[in-house]
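Kindly produce the complete structure, drawing on both the sequences and the hints.
Line by line, the protein sequences are chains S and D.
If you're matching positions, the first sequence starts at 1 in UniProt numbering and goes up one per residue.
If you're matching positions, the second sequence starts at 1 in UniProt numbering and goes up one per residue.
Heads up, some of the hints might be wrong.
As the list claims (entries may be wrong) - Here are the simulated lysine to aspartate or glutamate pairs, EDC-like style, with alpha carbons at most 20 Å apart: (1) D/LYS209 - D/ASP159; (2) S/LYS74 - S/GLU55; (3) D/LYS118 - D/GLU55; (4) D/LYS74 - S/ASP148; (5) S/LYS74 - D/GLU142; (6) D/LYS74 - S/GLU232; (7) D/LYS74 - D/GLU55; (8) D/LYS74 - S/GLU142; (9) D/LYS118 - D/ASP57; (10) S/LYS118 - D/GLU137; (11) S/LYS74 - D/GLU232; (12) S/LYS74 - D/ASP148; (13) D/LYS118 - S/GLU137.
Said to hold, decoys possible - Pair by pair, the computed Cβ-Cβ distance ranges are: (14) D/HIS13 - S/ASP67: 51 to 57 Å; (15) S/GLU126 - D/ILE97: 22 to 28 Å; (16) D/GLY177 - S/LEU40: 39 to 45 Å; (17) D/THR182 - S/SER188: 43 to 49 Å; (18) S/SER175 - D/GLY79: 28 to 34 Å; (19) D/ALA233 - S/SER188: 28 to 34 Å; (20) D/SER77 - S/GLY214: 19 to 25 Å; (21) S/ILE97 - D/ARG205: 34 to 40 Å; (22) D/LYS209 - S/GLU232: 37 to 43 Å; (23) D/GLY177 - S/SER28: 37 to 43 Å; (24) S/GLU211 - D/LEU76: 23 to 29 Å.
By construction, these hints were calculated from the structure, which means they are not laboratory data.
All values derive from a computational prediction rather than experimental measurement.
Heads up, the beta-carbon is just placed ideally off N, CA and C, and yes, glycines get one too.
2 protein chains.
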Amino acid sequence: MKASLVTIEPNGHSCSDCAVREFAVCSSLDAVELRELEHLGRRVHFTAGQIVFSEEDITTSFYNVLDGVMRLYKLLSDGRRQIVGFALPGDFLGMNISGRHNFSADAIGAVRVCQFAKTPFGRFIEDRPHLLRRINELAIRELSQARDHMVLLGRRSADEKVAAFLLGWRERLLSLGMASDTVPLPMSRQDIADYLGLTIETVSRTFTKLERLGVIEIIQGGIGLLDTARAEALAAA
Amino acid sequence: MKASLVTIEPNGHSCSDCAVREFAVCSSLDAVELRELEHLGRRVHFTAGQIVFSEEDITTSFYNVLDGVMRLYKLLSDGRRQIVGFALPGDFLGMNISGRHNFSADAIGAVRVCQFAKTPFGRFIEDRPHLLRRINELAIRELSQARDHMVLLGRRSADEKVAAFLLGWRERLLSLGMASDTVPLPMSRQDIADYLGLTIETVSRTFTKLERLGVIEIIQGGIGLLDTARAEALAAA
DNA sequence: CGCCAAAATTGATCTGTGTCAACTGTCTTC
DNA sequence: GAAGACAGTTGACACAGATCAATTTTGGCG
Chain S
1 MKASLVTIEP
11 NGHSCSDCAV
21 REFAVCSSLD
31 AVELRELEHL
41 GRRVHFTAGQ
51 IVFSEEDITT
61 SFYNVLDGVM
71 RLYKLLSDGR
81 RQIVGFALPG
91 DFLGMNISGR
101 HNFSADAIGA
111 VRVCQFAKTP
121 FGRFIEDRPH
131 LLRRINELAI
141 RELSQARDHM
151 VLLGRRSADE
161 KVAAFLLGWR
171 ERLLSLGMAS
181 DTVPLPMSRQ
191 DIADYLGLTI
201 ETVSRTFTKL
211 ERLGVIEIIQ
221 GGIGLLDTAR
231 AEALAAA
Chain D
1 MKASLVTIEP
11 NGHSCSDCAV
21 REFAVCSSLD
31 AVELRELEHL
41 GRRVHFTAGQ
51 IVFSEEDITT
61 SFYNVLDGVM
71 RLYKLLSDGR
81 RQIVGFALPG
91 DFLGMNISGR
101 HNFSADAIGA
111 VRVCQFAKTP
121 FGRFIEDRPH
131 LLRRINELAI
141 RELSQARDHM
151 VLLGRRSADE
161 KVAAFLLGWR
171 ERLLSLGMAS
181 DTVPLPMSRQ
191 DIADYLGLTI
201 ETVSRTFTKL
211 ERLGVIEIIQ
221 GGIGLLDTAR
231 AEALAAA
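Laid out in structure tokens, this is it:
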């Protein structure tokens, strides 16, 4: 939640050797289209805590996460917060129907995004149904994840929530080649609590409990997963 | 959860005078396309409790709800249930990426749907980007609702959950012209509990409490909304 | 390095909601 | 219209997780 002084990458960039090329929206585009897209997007840097966009803001851009992790959250008027997701490289943000964002997004640590102004990007999609199909695919995948998360929030115990979160987070990082049995957790305990519908104390206690049980090992900036099978059993998957 | 004996409407039907024509996926189609679509869909009836599809089933169809209310839910292995939504006329079901449904759906009372076989409907979409855009729009709207529901499940008290549910349900029915200050509740208390991440007892007690407070009046098959402002305050909207 | 602020952990206690159980009301069927 | 089954309500009590309050650990910075 710092003042908003973002950095725009000065020189050109090329989509063709972009790290997320293969699994982001862009995966649906051919070399020629990619070249065109290059002119529409600009790379923008955010530092830890910077807000990328806020709920209820008029949507002006789409964002393609290139690097880093973002917190996606909604606030109640009295300050209660629910984190509705974490965005990782390859995630596409900014879709909506009301013309306004329906959640806020800020950076956990340094984040690099590819930002597209809404109107030109909208035009670009216009006559490229395969891109639209790709965007739809991403939306449907998110919807499926959202429903899984509803089950977690509504019907799981604190132990199950934490175990399921650690396994799910690890799985996501694995698919990006960013984890092994040591799982980095760039977000704070408070973030985890707000994602799981718990308090920070309960999250902390549950971590300690899982460590006592020999399921995980708490390390700097993350955990070591010692007993995956046991963790899966606890998650009631 | 009855045996599966669905009824298929015998004679032809016409999309042009369909009740959901204006707000379902079909709203994106012109008269000619509508005529074509007519041949792809068949109307199917379900009676109370009949399962329309189950989680993990291979997707074979898309469904357009014409009439009635459906329960959309996910089960945990030990029987805990989370209702992820209620489908009403105009809702479009069957989108997924894995080729399998990611939740189950059954009928609350009598339901009529327009069913489209996956492959031909997929082909129909193929060269109709405006239909794809419409489907995307519906997916994004659902995603937004899903996120709102996450906030409710993760961060709201029982009172807030129930109040927010009643107001939200009323709002949806209003937009379909199916409610006024008396709000029909076709689903059971257990369904409401499983939707809100509560127990049936807590839901029942909260209804009674709201009635004592003069906010609602409990009637057969629904409630009367007596004090909307108060309900909104309780929902912490 | 030493100081400060923030994050995380731990303990003690409280409470909202779940659990268990009894009861009531309503609908169905013969 | 009696009997059974099921849905809903109500009460008493239990407990998972919240709250309140220290304390410890970590990280940033002069």
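Here is how each hint holds up against the structure:
For the given pair, D/LYS209 sits about 9 Å from D/ASP159 by alpha-carbon distance, which is consistent with the 20 Å threshold. Our distance criterion of 20 Å between C-alpha atoms is met by S/LYS74 and S/GLU55, whose separation comes to about 7 Å. With a C-alpha separation of about 17 Å, the suggested pair D/LYS118 and D/GLU55 falls inside the 20 Å cut-off, and the hint holds. Restraint check for D/LYS74 and S/ASP148: satisfied, since their Cα atoms lie roughly 8 Å apart, inside the 20 Å limit.
Proximity of S/LYS74 to D/GLU142 is assessed by CA-CA distance (about 16 Å); at most 20 Å being required, the pair is judged to hold. With a CA separation close to 18 Å, the supplied pair D/LYS74 and S/GLU232 stays within the 20 Å bound. A C-alpha spacing of about 7 Å is found between D/LYS74 and D/GLU55, which places the hinted pair at or below 20 Å, so the restraint holds. Distance restraint check for D/LYS74 and S/GLU142: the Cα-Cα separation of roughly 16 Å lies within the 20 Å cut-off, and the hinted pair is therefore satisfied.
Note on D/LYS118 and D/ASP57: the hinted pairing holds, with a Cα-Cα distance of about 13 Å set against a maximum of 20 Å. For the given pair, S/LYS118 sits about 16 Å from D/GLU137 by alpha-carbon distance, which is consistent with the 20 Å threshold. Under the criterion of a C-alpha separation no larger than 20 Å, the hint pairing S/LYS74 with D/GLU232 is consistent with the structure, at around 18 Å. With a CA separation close to 8 Å, the supplied pair S/LYS74 and D/ASP148 stays within the 20 Å bound.
A threshold of 20 Å between alpha carbons decides the hint, and for D/LYS118 with S/GLU137 the separation of about 16 Å falls inside it, so the pair holds. For D/HIS13 and S/ASP67, the hinted distance range of 51 to 57 Å is satisfied, since their beta carbons lie about 53 Å from each other. Judged by the Cβ atoms, the range 22 to 28 Å given for S/GLU126 and D/ILE97 holds: they are separated by roughly 23 Å. Remark: the range hint 39 to 45 Å for D/GLY177 to S/LEU40 is upheld by a beta-carbon distance near 42 Å.
Between D/THR182 and S/SER188 the C-beta distance comes to about 47 Å, which sits within the given range of 43 to 49 Å. At about 31 Å, the CB distance of S/SER175 to D/GLY79 agrees with the hint of 28 to 34 Å. Between D/ALA233 and S/SER188, the C-beta spacing of about 32 Å keeps the proposed range 28 to 34 Å intact. Checked against the hint of 19 to 25 Å, the C-beta distance between D/SER77 and S/GLY214 comes to roughly 24 Å, which is consistent with it.
A hinted range of 34 to 40 Å for the beta carbons of S/ILE97 and D/ARG205 is consistent with their spacing of about 37 Å. Between D/LYS209 and S/GLU232 the CB atoms are about 40 Å apart, so this pair conforms to the stated range of 37 to 43 Å. Take D/GLY177 and S/SER28: their Cβ atoms lie about 39 Å apart, and the range 37 to 43 Å holds. Evaluation of the 23 to 29 Å hint for S/GLU211 and D/LEU76 yields a pass: the beta carbon distance comes to about 25 Å.
In this structure, every one of the numbered hints holds.
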